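Undergrad: When the letters of the sequence shown are read in order and numbered with the working numbering, they come out as residues 430 to 653.
Any given hint might turn out to be false.
[Unchecked claim] If you anchor each label on the Cβ, the simulated ranges turn out as follows: (1) LEU539 <-> LYS497: 19 to 29 Å; (2) GLY493 <-> ALA546: 23 to 33 Å; (3) SER512 <-> GLU548: 27 to 37 Å; (4) GLY581 <-> SER506: 20 to 30 Å; (5) SER637 <-> GLU548: 13 to 23 Å.
[Claimed, not checked] Straight line, CA to CA, 30 Å or less: simulated DSSO-like cross-link-like pairs of lysine-lysine: (6) LYS638 <-> LYS591; (7) LYS638 <-> LYS463; (8) LYS497 <-> LYS638; (9) LYS591 <-> LYS463; (10) LYS497 <-> LYS463.
No wet-lab data here; the hints were simulated from the structure.
No experiment lies behind these values; they were computed from the predicted model shown.
Virtual Cβ for every residue (Gly too), placed ideally from N, Cα, C.
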Amino acid sequence: MNLLSKLRTGNEAAASAAAPAPSATQVRVSNGLKDFLWLLSDVERGHLLDLGPVSQPTVSFFTGRGFKVYTEDVLRSWTEHLSAEKERLRRAPAGTAAALDPASLAQAFLDANLIYAEETFHAILAWDVFDYLEGELLPRAVSRLYSLLRPGGVLLAVFHSKMPEQFHRYRVTDPQTLDLAPATAPVPPQRALQNRELLNLFGAFRSSKTFVGRDQLREGLFTK
430 MNLLSKLRTG NEAAASAAAP APSATQVRVS NGLKDFLWLL SDVERGHLLD LGPVSQPTVS
490 FFTGRGFKVY TEDVLRSWTE HLSAEKERLR RAPAGTAAAL DPASLAQAFL DANLIYAEET
550 FHAILAWDVF DYLEGELLPR AVSRLYSLLR PGGVLLAVFH SKMPEQFHRY RVTDPQTLDL
610 APATAPVPPQ RALQNRELLN LFGAFRSSKT FVGRDQLREG LFTK
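Model the full structure from these sequences, guided by the hints.
TA: Next up, the structure:
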């Protein structure tokens, strides 16, 4: 399947996966968030990167604790990157442009996104981004995020135990509570990572801890 077909199929799948959307926001007790905050309790004037869309409750929560919060909606940026590639191919005269292979497409994305100095952040909120990234981009993104964390820095992520039927936006409301708000998926889900896959993917981190819930979500806490 060429890139144009893949993009078209991906957009249709994302739209299908997101409709109809439940109307109620879910409230989730988060042991991962609790430990994440405990590991950051001694940090003063810390820097935190949120990989989801801007959430005012989350921003207010962490700025109230002295953090400078950076937000980069990775899934939205990835969607825009794919759309730009699709448009490039559409505009090119017939026979003059070749589609980028998946590895080159992933590298081109990282050449333009997640651009910060190494060891900038004390903490990263990745949410369930890793379940939605394309295969070639996934390990490259994890490696980039590892380089952006300071030694001792922590990354909090969420993983689905099976392919998600509904996309959510995550908001921090208090030290142990997340709101999960239904939203339209920017891209279709790609995988449900198994424990061994998680260990391999985050093998560079010094330590890891997982929290298994009854809602088919696992929280992962990874320390550099």
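Undergrad: State for each hint whether it applies.
TA: Taking the hints in turn, this is what the structure says about them:
| no. | hint | result |
| --- | --- | --- |
| 1 | LEU539 <-> LYS497: 19 to 29 Å | 23 Å, holds |
| 2 | GLY493 <-> ALA546: 23 to 33 Å | 25 Å, holds |
| 3 | SER512 <-> GLU548: 27 to 37 Å | 32 Å, holds |
| 4 | GLY581 <-> SER506: 20 to 30 Å | 28 Å, holds |
| 5 | SER637 <-> GLU548: 13 to 23 Å | 19 Å, holds |
| 6 | LYS638 <-> LYS591 | 19 Å, holds |
| 7 | LYS638 <-> LYS463 | 12 Å, holds |
| 8 | LYS497 <-> LYS638 | 25 Å, holds |
| 9 | LYS591 <-> LYS463 | 24 Å, holds |
| 10 | LYS497 <-> LYS463 | 19 Å, holds |
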